[in-house]
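Student: Position chain C relative to chain G; hints supplied.
There are 2 protein chains.
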Amino acid sequence: MDIRIDRQSAVPVYLQIRGGIRDLILSGRLPDGFRLPPERTLAKALGVNRTTILSAYRELKTDGLVEAHVGRGTEVASQQVLKSEAEPAGPLPWPQLARDGGVREPDPLVRDVLALTERHDVISLQAGLPAAELLPLAELRRVQEEILVRKGPEALLHSPTEGVTAFREALCRHMVPRGIRTSPEEVLVTSGSQQGLDLVARTLLSPGDLVVVEEPSYFGALEAFRSARVRLLGVPVDAEGMRTDILEALLARQKPRLVYTLPTFQNPSGAVLSPARRRHLLELSWRHQVPVLEDDTYSDLRYEGSPLPSLKALDPYGHVIHLSSFSKVLFPGLRLGWIAAPRPLVRQLALVKQTVDLHSGTLGQWIVEGFLSSGLLSAHLARVRAAYRRRRDVLLEALAKEAVPGLSWSRPEGGFYLWCRLPDDVSPASLVAHAAAERVAYLPGAASFVEEPSESSIRLNFTFAPEDDLREGARRLGSALRASQAEPRRPSRSVVGTPPIV
Amino acid sequence: MDIRIDRQSAVPVYLQIRGGIRDLILSGRLPDGFRLPPERTLAKALGVNRTTILSAYRELKTDGLVEAHVGRGTEVASQQVLKSEAEPAGPLPWPQLARDGGVREPDPLVRDVLALTERHDVISLQAGLPAAELLPLAELRRVQEEILVRKGPEALLHSPTEGVTAFREALCRHMVPRGIRTSPEEVLVTSGSQQGLDLVARTLLSPGDLVVVEEPSYFGALEAFRSARVRLLGVPVDAEGMRTDILEALLARQKPRLVYTLPTFQNPSGAVLSPARRRHLLELSWRHQVPVLEDDTYSDLRYEGSPLPSLKALDPYGHVIHLSSFSKVLFPGLRLGWIAAPRPLVRQLALVKQTVDLHSGTLGQWIVEGFLSSGLLSAHLARVRAAYRRRRDVLLEALAKEAVPGLSWSRPEGGFYLWCRLPDDVSPASLVAHAAAERVAYLPGAASFVEEPSESSIRLNFTFAPEDDLREGARRLGSALRASQAEPRRPSRSVVGTPPIV
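Listed in order, the protein sequences are those of chains G and C. Heads up, the first sequence is in our numbering, so the first residue is 632 and it goes up one at a time. Heads up, the second sequence is in our numbering, so the first residue is 632 and it goes up one at a time.
Just chain G, same shape as in the assembly:
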């Protein structure tokens, strides 16, 4: 048998021999039933140890290429090529071919609402979008023209997986007001914060791992974690953010691989994690050696009150992974976000990102770099903060006017959303139906929970719709709520009151 062995190859010799014999069998040079030489004979001929041949034959057996028979030695296995016609058995069963659990259909209620937002007569308080008419398009043109003159074709070619270096430098300066001092080597540019979530999940999490999330939490993050097939543990959020006392009790009994939090203007609740809880959360992270993923997407959009340092700013030990995005403050369509984390983790995330999409869009990175370095982003932020504050107040006032009994809502100091608790006598499904009739859309609260929540809520965005639409949207929502309340039906939540045993 013509088998070549390269003793300086990184491939073990037994695998080289396996490969050589496999090629001889597959190319037909060793026919069905051909008896391979006894291990000892082949070992001598190739000048290798007998155990090497034994290992090679064992691999070939696993490959289904040879069979061992007592008394007859090792023979090439019969090659039962199916002699059927070239007609296929039928079309491929694609849903069955999808790997088990890899694909989840979206929540039907969310799907209904998304279908609703595509109608042009609907006022959408659903999406987490910035105000379209305030997007700085003229500045975009100017910045891009300057880039094309200065960088030429380079701005349209490939760029490093970690991100354009000048952009990462600008991101470091951008994080200083958050209290973060870091270097470009500790920054990874991502295709939006969604990719950041997915990369962290792919890099740090294995199926079955435990991940702590807030309840409610950002539903896109829940989806990314579910797609990594981890077990989610919810910790409730109150007016001061995540209940770190409950997290502490949980960490005493469980070993999660990650704690995911949105400490500032939490999506969807709008809550801000208090300074005391920030410290508590970090102490828990240090003590239990569990990394904290800080999703800091909204902190640049504060309308009142004093800014708080980010978790990463308070963490000298490098346990915090800081995640952020330009989708809420600039152009969502450019798909740009970033991660700031310790260098060894950035290195690993970059290796994963390379197989995922090579790198994020080069031109987009140069455009946002231009906005950051020229001060155009700061000017834009000042403008939208003023507008969003007014829009928040308009929606708060309009909701108050509706006076739906049992409806309550948050008054956030920043961010994108009001979080509304529904009256007990309103079922989520009935409200979606009446909202469709009234032509208004919102995000049903259940999407933000790990398990079915005990109370029903909805999330209302106040940044996308202009002020008149916010007023009209609140009016339509009020009508839908009242219609839902007036509906003759048994309550959807038959709460069983139990006699106190304790």
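Bear in mind the hints are in silico, worked out from the structure with no lab data behind them. These figures come from a predicted structure and were not determined experimentally. Among the hints, erroneous ones may be present.
Only part of the chain G face toward chain C is listed, based on derived beta-carbon distances under 7 Å [stated by the list, open to error]:
1) Leu-787
2) Ser-822
3) Arg-884
4) Leu-939
5) Leu-989
6) Arg-1052
7) Pro-1054
8) Glu-1118
9) Pro-1119
Cβ atoms here follow ideal geometry from the backbone N, Cα and C, with glycine treated the same way.
Tutor: Just chain C, lined up with the frame of chain G:
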């Protein structure tokens, strides 16, 4: 105990009870050692079956929250909160935290070459890049200005996960010359073909699955498959493309989940799958019910000969997943590619893409749509085809002039690369060292193989470097090869010639 049960919830009652008791324990309302009521008592109090309580208690035991003791019933487990100081045990061991096998360091030889290409005095024949100086920047400006006027902020906002509808329509028209008739619902826009590969791997493959690839193959695809932790089976490529006879023998014994092929201007070999083998490959796919992933990234770059229909064009049964990209023919930095596949698969891929990065860049999709619909891409393709053909011929001539004994190479009819077999007395590692001294870079062949290949090869790109650089690059490569040959050293490949047993 205050436990609420919602009988209309989708959450099973036993999990609701588990959740209620868990919250009572974690919030401290049920202290350590507290004895839970006997199953029968609680079942009666809550008006549920006793087995429901049994199930709830079993879950709580799995959660580590309660312990069962013979004779004492079920008690709240002791809550051993670590009372250590807030000092962490040390920085987190990030590489150890990364999920097992998730991150591979790049091949050291490839890394050396990449480091080399960052030097400005080096002529790079390494990367798979289009000619930078031919990129149509003026047209880009015009197209984008027209979009911003016509679409306004919409071009910078979010867009559907599947891709901008007008862009998908344009892609359908773009595929007609490939023989493909399809509809926008069967098209998914991806962030480059790399994301297409990753999405297919994530959607269809589970760890341990078998995937057939050509040897050599596109190394970025091998990385994407390895990252999905599948087993790769190599089928050799010759001048007519994949050896479908060997694939047939392999399919008789193995059940791969996917066959990955680059049928036209194969990367790196430049081979074109012959019409007979195209038919044979499809027959095998139909007969064995195995999907074929057709990577058709280079077919628009044919410099001579007649175009062949794509595999998808020849497949009436929907077994072929067609993958392509704009990175070789337009702007790589925009990160845009696409998949054309049966509708149920596109639906599943889109659900995965949604958790991965929501959608690809909106502005980029409108820009490429503009190039497609206005005919600007066709005009650009005509221009670069002429230039690349000249560059290919320049590199072929220059290589021939070098007259390095034992060096041989392909003469491709299209695409981006020459594939060169190295002389037997040149070791890959020694050549990289001499090439660095001579200031020329290429792709080492081993990166394109599943296992260490028996022959050494290199891939030379002829589209990025201008003609003078190609001539000078070939000269430097010739010097490096001769220096490598002249080096006094034992041959790196100690091939053991074995006496023929067969």
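Student: Now tell me if each hint is right for this structure.
Tutor: We went through each hint and held it up to the structure:
The closest approach between the C-beta of Leu-787 of chain G and any C-beta of chain C is roughly 4 Å, which is under the 7 Å cut-off, so the hint is satisfied. Restraint check, Ser-822 of chain G versus chain C: the minimum CB separation of about 4 Å is within 7 Å; hint holds. Among the interface hints, the one on Arg-884 of chain G holds; its C-beta lies about 5 Å from the nearest C-beta in chain C, closer than the 7 Å criterion. Taken as an interface hint, Leu-939 of chain G does not check out: its beta carbon lies about 19 Å from the nearest beta carbon of chain C, beyond 7 Å.
Hint on Leu-989 of chain G holds. Least Cβ distance to chain C is approximately 5 Å, under the 7 Å limit. A least Cβ separation of about 16 Å between Arg-1052 of chain G and chain C goes past the 7 Å threshold, and the interface hint is therefore violated. At about 16 Å, the closest approach between the beta carbon of Pro-1054 of chain G and any beta carbon in chain C exceeds 7 Å, and the interface hint on this residue is violated. The closest approach between the C-beta of Glu-1118 of chain G and any C-beta of chain C is roughly 15 Å, which is over the 7 Å cut-off, so the hint fails.
For Pro-1119 of chain G, the interface hint is violated, since its Cβ never comes within 7 Å of a Cβ in chain C; the closest pair sits about 17 Å apart.
Comparing the model with each numbered hint stated earlier shows that hints 4, 6, 7, 8 and 9 do not hold.
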